[in-house]
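Make a model of the complete structure from these sequences and hints.
As they're listed, the protein sequences go chains A and B.
So for the first sequence, our numbering puts the first residue at 33; every next one is plus one.
So for the second sequence, our numbering puts the first residue at 517; every next one is plus one.
Don't read these hints as lab results, they were simulated from the structure.
Keep in mind that the hints are not guaranteed to be accurate.
Claimed, not checked - Below 20 Å or equal to it, Euclidean Cα-Cα: the simulated EDC-like pairs (lysine to aspartate or glutamate) are:
| no. | chain 1 | residue 1 | chain 2 | residue 2 |
| --- | --- | --- | --- | --- |
| 1 | B | 1024 | A | 134 |
| 2 | A | 229 | B | 618 |
| 3 | B | 628 | A | 222 |
| 4 | B | 628 | A | 134 |
| 5 | A | 229 | B | 874 |
| 6 | A | 229 | B | 625 |
| 7 | A | 156 | B | 618 |
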Amino acid sequence: MADALPASTPVAPPPGSPDPVVVTDATGETEEVPEEPEAALESPGEHPVDYLPAAEEEPTVTLRVWRGDPAGGDLVDYTLPEEEGEVVLDVVHRIQASLAPDLACRWNCKAGKCGSCSAEINGKPRLMCMTRIDDLPEGPITVTPMRTFPIVRDLVTDVSFNYEVATRVPAFAPAPPPPGGYRMSQVDVERGQEFRKCIECFMCQDVCHVIRDHEDNKPDYAGPRFFIRFAELEMHPLDTNDRRELLRQRMGLGLCNITKCCTEVCPEHIKITDNGIIPLKERVVDASYDPVAWIGRKIIRRTKRAPDEAVEWSQERAGAGVLGQQGDAGGGVAWVPGADGSDGSDGSDGVEAPDRS
Amino acid sequence: MPDYEQHRYDVIVIGAGGAGLRAAIEAKLQGRSVALVCKSLLGKAHTVMAEGGVAAAMGNVYPEDNWRVHFRDTMRGGKYLNHWRMAELHAQEAPDRVYELEAWGALFDRTKDGRITQRDFGGHRYARLAHVGDRTGLEMIRTLQQKAVSLGIDVFMECKVLRLLTDADGAVSGAVCYWRPSGETVVFEAKATVLATGSIGRSYLYTSNSWESTGDGHAMAIWAGADVIEMECVQFHPTGMVWPLSVRGLLVTEGVRGDGGTLKNNEGHRFMFDYIPEMFRAETAESEEEADAWYDDHANHRRTPDLLPRDEVARAINTEVKAGRGTPHGGVYLDIASRRSPEYIRRRLPSMYHQFMELAGVDITAEAMEVGPTCHYMMGGVRVNPETQEATVPGLFAAGEVAGGMHGANRLGGNSLSDLLVFGRRAGLGASEFAEARAGEPVADPAQVDAVVADAVGAFERDGGESPYELHHELQTTMQSLVGIIRTGSELEEALERLSELRERAEKMAVSGGRAYNPAWNLATDIPSLLTVSTAIAQGALARRESRGAHTRDDYPLPDPELGKVNFVQRQTAERGFTAPIHVGPEPLPEMPQELRDLLEENA
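Listed below in structure tokens is the structure:
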């Protein structure tokens, strides 16, 4: 077991100080080291002591954490005295400060807003900062990294797959604003706003069996996070791109068989499948399989760019290195919609890519 | 051939929050080669936490609004310590920046006639914050991130910058960094470097700031010999959660008060009516009836004192708690449950509802929240040229929270998101023009690089030294208790002594394990920044012997008109680094043109 760190000198609150200071004692990892009781704070209106006084049977919390690297690893148990009102991330921090200083964990805001601290807690993808210890069943709590992404170390995974997919999503392409600026009504923006709540925690990507259980699908499957990104763009009142063929041919929309695991794990409660993926599937079907619509596209001038332009562009992008965690940075081709607002070519429908819808 | 990874760009931007992204986008649009280097994953910078909105005088809800009123509100909020030209440019250019964001895909909430709607916020005469529910920061960073990706900007994420590189003339020519996943060194050579590193909140125990807010940019600018100003001006947001401890410090948006919430002490009294300062009396409601009527009719009623600027509210809450009228966990009550319907609250404040329910088990539609002051924002920072955002050292630029001068002694809510866009763009433009004009190629001096890396990895070679976690905690408690919301000379001096001891101890930090994603080592490389920034804050607070805006001295409780005309500037001279001294002294504020001075005197 790691050596206990020396207890920090308690700092008495200076007279008149509005924020009395409580210094946390870093010991407390084994039964043999008794915890020193903290002095109660005296200022009126202050909160009560941070710790339960040392009792004969102190309640403890045990995290069973995966430790390892790309070569392999193991589950390790860490036990600490329990503290009131903690989330899993708090306990991880206390483990880092006392028992395992190099326990690798990715986090940032600790408020469920940045999507950094995704992990699998008792097997279920959850944000560590939003999972209260009180809400979990008694006994050791298993904390393991997201399984779908390669391991970096311990709880940290390489999520660059997601950033690479992002480079292949054709950008928002509005027509120039009319005099007086763009007008959109609240009801029209609400569909997109739901999708833009996404904090990119990537747990939907992690849980989707299409890539979780089939590594070889990754090059051809965008995943739920990006399906809602496509949905948001397709439903944006001002957008002029048409990404439907791209979704069908390159982004693997057809591989989704709507089991809704993504919806279940989304910390923002976005209705990924019902509001995003299913409407996209319907739109793709309209684009590809409706003979009347096909004829219409050939005859009538469209205001949206031809769907196949998106496919061509995406083929150019495929394989372009993007954001490097390990120095693999390369910008690649950018597809910025022309200001000419062209609606594209007649769009050949002779596609060679395998049909997966 | 060096044995570390090396890249060369025209412009590098350090930090990928709103300001960093906007700067990188601008430099790229100008045709420069650009790299964006960030400590966390792309799209996860602290900007995501911003809830209120982007302040811009677009006049969509109140056509009477215009940039002059916004300028006036900003200067008054800053207690006139702001750089007038930055406040002017900000007010003038914010509307265009918001419309531009919309053209890049942002989906703001709308008015009934389809334009971007604007909400009220503390210190703003008219409702002018463009917003999306209570997640405007997320909207902004996501839009900018998607734009940056579409432009093909190279992004180096989870890459920590240790120190800036300087050439023989003292101009900044790049940076020495390491990849967090592998621990390996990576060096950037750049003609222009933009700092957009955000805040310093991790120097305090209770803060709304993210993990990465360790003041790296402030520190690196100081170590490169650049001037910083107003480091004593730290904003404590009045309403952070106080219970449970795991969420203490997390922000409760001012939007709750904008939408009808009111502050009460443990006697149920709406105490803000007792704290209306003279400066704001004319436009603040005197009675509860008037305040309540204001929500629906701004024209004929004056605004509620719950929406006074943040420094006033934070001080009022602090006084109530010290007097024993606080809540069981040391805060005051913020009540919206008894004033609005549950449907209204859930619709207007979805993530507040979510946050309190999930993390504290509090249903804000049924009960009041316990809130109190939390370290939130740093008004002080790198001294910059208002038009180009160039620092006082050539080759260095700064934008966003790391830059100083825009907000004076106190920032208005909503003015940060607009600051990021306006000055992010200007920094990108300034850096781009500088890079284009700079003669010769920037070359990293291998001796400089080796020295920085040796310093950083030294912690692995010491056995049984200081724990970085211990040091960090002691630093935080020192700052929280001695350099907090109410300061006094003797405590500030004590803080400086403690910081000096901590600096000595930091030279003996030791970590075990390897370099790959080692949080103890990562913290050990953040500690020098935290120490430098904390020292500057304490020194500035000691030097400014008055109370102004967010800076409050118990021993000098009133503003001093003479000190209201100076910036306290800090810089390192011959010696540089986290153990070297930082000099502090007053310098006159830039002179404001008469026509703007007249503007400040007018009533709205």
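Verification of the hints:
1. B:1024 x A:134: holds, 18 Å
2. A:229 x B:618: With Cα atoms ~16 Å apart, residue 229 (chain A) and residue 618 (chain B) stay inside 20 Å; holds.
3. B:628 x A:222: holds, 14 Å
4. B:628 x A:134: violated, 54 Å
5. A:229 x B:874: It holds: about 17 Å lies between the C-alpha atoms, which stays within 20 Å.
6. A:229 x B:625: holds, 13 Å
7. A:156 x B:618: At roughly 37 Å apart (the allowed maximum being 20 Å), residue 618 (chain B) and residue 156 (chain A) break the hint.
The structure does not agree with the numbered hints 4, 7 stated previously, though it agrees with the rest.
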